[in-house]
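Listed below are the residues making up each chain.
There are 2 protein chains.
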Amino acid sequence: MIVHLLKPEFDELIEAKDWVALKDILNDVPAVDVAELLEELDAEIAIVIFRLLKKQKAADVFTYLSSSTGLELMNMFTAQQLSEVMSNLEPDERVALMEELPGHLTQRVINSMKTDDRKLVQQLLGYPDESVGRLMTPRYVKVKKHWTIQKAMDHIRKFGHSVETVNVIYVVDENEQLIDDLRLNQLILADPEATIDTLMDESFEALSAFDDQEDAVKMLSKYDRVAMPVVDSDGILVGIVTVDDVIDVAEEETTEDMQLMAGMDVLDDYYSQTSIFHMVKKRIGWLAFLFVGQLFTATAMGAYESVIANAVFLSLFIPMIISTGGNSGTQAATLIIRALSTDDISMSEWFRVLGRELLSGLMLGLIMAIVGFLVIISWGFVTTGGLSEELVLSALVVGLSLIGVVLWGNLSGSMLPFALSKMGLDPAVTSAPFVSTLSDVTGIVIYFSIAIALLEGVVL
Amino acid sequence: MIVHLLKPEFDELIEAKDWVALKDILNDVPAVDVAELLEELDAEIAIVIFRLLKKQKAADVFTYLSSSTGLELMNMFTAQQLSEVMSNLEPDERVALMEELPGHLTQRVINSMKTDDRKLVQQLLGYPDESVGRLMTPRYVKVKKHWTIQKAMDHIRKFGHSVETVNVIYVVDENEQLIDDLRLNQLILADPEATIDTLMDESFEALSAFDDQEDAVKMLSKYDRVAMPVVDSDGILVGIVTVDDVIDVAEEETTEDMQLMAGMDVLDDYYSQTSIFHMVKKRIGWLAFLFVGQLFTATAMGAYESVIANAVFLSLFIPMIISTGGNSGTQAATLIIRALSTDDISMSEWFRVLGRELLSGLMLGLIMAIVGFLVIISWGFVTTGGLSEELVLSALVVGLSLIGVVLWGNLSGSMLPFALSKMGLDPAVTSAPFVSTLSDVTGIVIYFSIAIALLEGVVL
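Top line first, the protein sequences correspond to chains A and B.
Letter by letter, the first sequence follows residues -5 to 454 in our numbering.
Letter by letter, the second sequence follows residues -5 to 454 in our numbering.
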């Protein structure tokens, strides 16, 4: 390699501290050779040489370094250098590097960033979309356990102006691992000469940077905290999430749930910020899909075409019947989706829910049967001025059908969220339109089956 | 009045400080007379007399006092007495009293209560259900502007252990009016000998105790705060709301919205905590109401009975048509309800929304028309093995109807939330079942009108 030929010259220039000449040469030499040169130098000299490189060249050189040398250098980087090197790396190289990056380096990169850069860096650091890692901020106060309270208070005084909360102070060990959290009040009330570890109980709750943001919402709500620490897989403190950020997340999640439940894809932005074209794109898929699904209703109706031809009046009540089934299903589905998403019930409770919804479906069905019978009779009486046999029979068919239709809507609406969740889908995909479509088909079959059973030989 | 006769005797007993004898007599004399007596005494004596009364008697006497004497006495009450008197008053008397109660008295009552009692007192104080007044806690730190930083820090040290947050310190004037909020950091960084007013900028955001809890959610989110002060109508600091309480409120509000949007009444408790009987009660009302609403579909269908009799195949597609309208309406309604409740759009923007939804409804309708036509043709071809005139005509009627049905669903779904809100109802009452029922009737009319126009003289 060319570097071996140049090595004596390099050594001479280094000896002479002629950085200008070195800079010229290094930026002309291929990256792989510069890397080889750096491997042979002491870390203290290597870092000086590395700093002479142009940004893109530095990143290229970095990819050729052995991981031990690379990490050794990174330890000596300024945060600025770290972020420059990182952002000039190719995505795959970056991921590879991040996988072996020790937590305290991760922490250093994140901590030294300005807010705007930080978003980028958190993305660069490989935290997935919607993960706690993307939400956390480094604006917290950390102290060491051997510090005196006085020193900790001085530290808070110095850095407290730039953090999100001083209510909670985090204690880390020499490896930056989180070992406790303290309330500021504990420090204020303590003897200034005592050390931090006299206040510690070593019990704390923390989130992982790879946790879903929804978990952060639940944890903060569960433990009634305004902020929670975030640690990486080694338990190293990498940030905190604050409740004000979490509120925004919770709001977004809910909006997404609601859009799914309305039978459409989730919008990428707020309604007011969404173009009409984008809106149509997010809605048309489910509309068309459900329309195709409704073919089953046409097929079912087709099977009863001759019944309809013989007793056209039966067709009048089809929309009433199927929509009532859909309504009951929508109610049940919404109750279950919401209860699942707020952790009010868990996936394992599906059997208990089945029992409950069987019972409530039966009760609702029976009441609706009576309501339905009376409503149809009254309606017929008002509109025709009398009670025909046709009318009474229709009312009877409608009433009996409602029991089955409401019960079925209730059962499918409540069980579908569990089934979809089991299949790895969001339970909220059990939209009102979806459940309605499902119960429409069944409603038609139930209605005509009862009609045939009751009216065969009478009017059919 | 009897009290005039007894007055000399009273004066004598008071002079002699014979409290035991006085107590016996006072509790036998009618409340109105005791009140009259108290009116004539100096406040310092009156309060002593008042304390001799039994609890219920004290409350009764209180209602007979002129408001000036009443307030004078209340100023001297202990918090315990205040709450005793308050809780023994009749609800209407309590509201009347509260309306004239100065803020610092309100504050005193709330501050001195234990957590369990406080809930009750906040209710007693007349803050409406779901108001900020019910949510606030008195666990904050307040300081005076003429205090030195040192005195303020000593105060924080003394009371900081029992408050929700020390991040923000509230400054009140001699009337307990909120005049500023300070970050703890400002105090920590300041010269201990300086006074609080050197730090003040007199700019702060506050909630009113009568604001809706939803407003608290929005304000905390908007200003990215962990806590916000609550003031009464005179600007007197009566508490703070913290973000962790607000998260729970936001979650509840969302659950309520979702239940309304599913076409049911709001449950009083979590799904898992709700009895089957209660559940049925909350669901049956809307189910029955919507069923009755569906009578319009039966009536509409009835109007086309002869059309159906002549062309039974037309009836096969009714469920497809009306459900697609309902689906489009459900999508639109959900988008608008959520956008309104997150302040993404405001009530005044209804006309802009109308324009948008007209356009997107037309686009969706046109696409669905093509989809619908092709789907029906393909379905017919697959099930019957050929293309009859009936089938092509049906596909045409279905396709054309879909334009109108989808457009109508979109318009009614998006405008109904505005209309309901204008009528003082929750926009979320625009439930999926409600919108579906509305568009079912229209769907039937659109479908048969197009069928008659197209098929008259052909198959009809």
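Hints are not guaranteed to be accurate.
Any copy, or any two copies together, can satisfy a pair, since identical chains are not distinguished.
[As the list claims (entries may be wrong)] DSSO-like cross-link-like pairs, simulated, lysine-lysine; straight-line CA separation at most 27 angstroms: (1) Lys212 <-> Lys416; (2) Lys212 <-> Lys1; (3) Lys51 <-> Lys212; (4) Lys1 <-> Lys139; (5) Lys276 <-> Lys49; (6) Lys145 <-> Lys48; (7) Lys152 <-> Lys138; (8) Lys139 <-> Lys276; (9) Lys139 <-> Lys212; (10) Lys416 <-> Lys152; (11) Lys212 <-> Lys275; (12) Lys139 <-> Lys152; (13) Lys139 <-> Lys416.
Hints listed in this document are in silico derivations from the structure and should not be mistaken for laboratory results.
Hints and how they fare:
1. Lys212 <-> Lys416: Result: close within a single copy only, 21 angstroms intra versus 35 angstroms inter.
2. Lys212 <-> Lys1: So Lys212 and Lys1 fail the 27 angstroms test inside a copy (59 angstroms) and across (66 angstroms) alike.
3. Lys51 <-> Lys212: Classified as neither; 45 angstroms inside a copy, 49 angstroms across copies.
4. Lys1 <-> Lys139: Classified as neither: same-chain Cα gap 47 angstroms, cross-chain 71 angstroms, threshold 27 angstroms.
5. Lys276 <-> Lys49: Neither way: Lys276 and Lys49 sit 41 angstroms apart in one copy and 65 angstroms across, limit 27 angstroms.
6. Lys145 <-> Lys48: Cα proximity of Lys145 and Lys48: none, with 41 angstroms in one copy and 56 angstroms across.
7. Lys152 <-> Lys138: For Lys152 and Lys138, the Cα distance is within 27 angstroms both inside one copy (15 angstroms) and across copies (25 angstroms).
8. Lys139 <-> Lys276: Neither. Shortest intra-copy (53 angstroms) and inter-copy (56 angstroms) distances fail the 27 angstroms Cα cut-off.
9. Lys139 <-> Lys212: neither (30 angstroms within a copy, 39 angstroms between copies)
10. Lys416 <-> Lys152: neither (51 angstroms within a copy, 53 angstroms between copies)
11. Lys212 <-> Lys275: Neither: 32 angstroms inside a copy, 30 angstroms across copies.
12. Lys139 <-> Lys152: Classified as both: same-chain Cα gap 18 angstroms, cross-chain 24 angstroms, threshold 27 angstroms.
13. Lys139 <-> Lys416: Answer is neither: 45 angstroms inside a copy and 60 angstroms across each miss the 27 angstroms cutoff.
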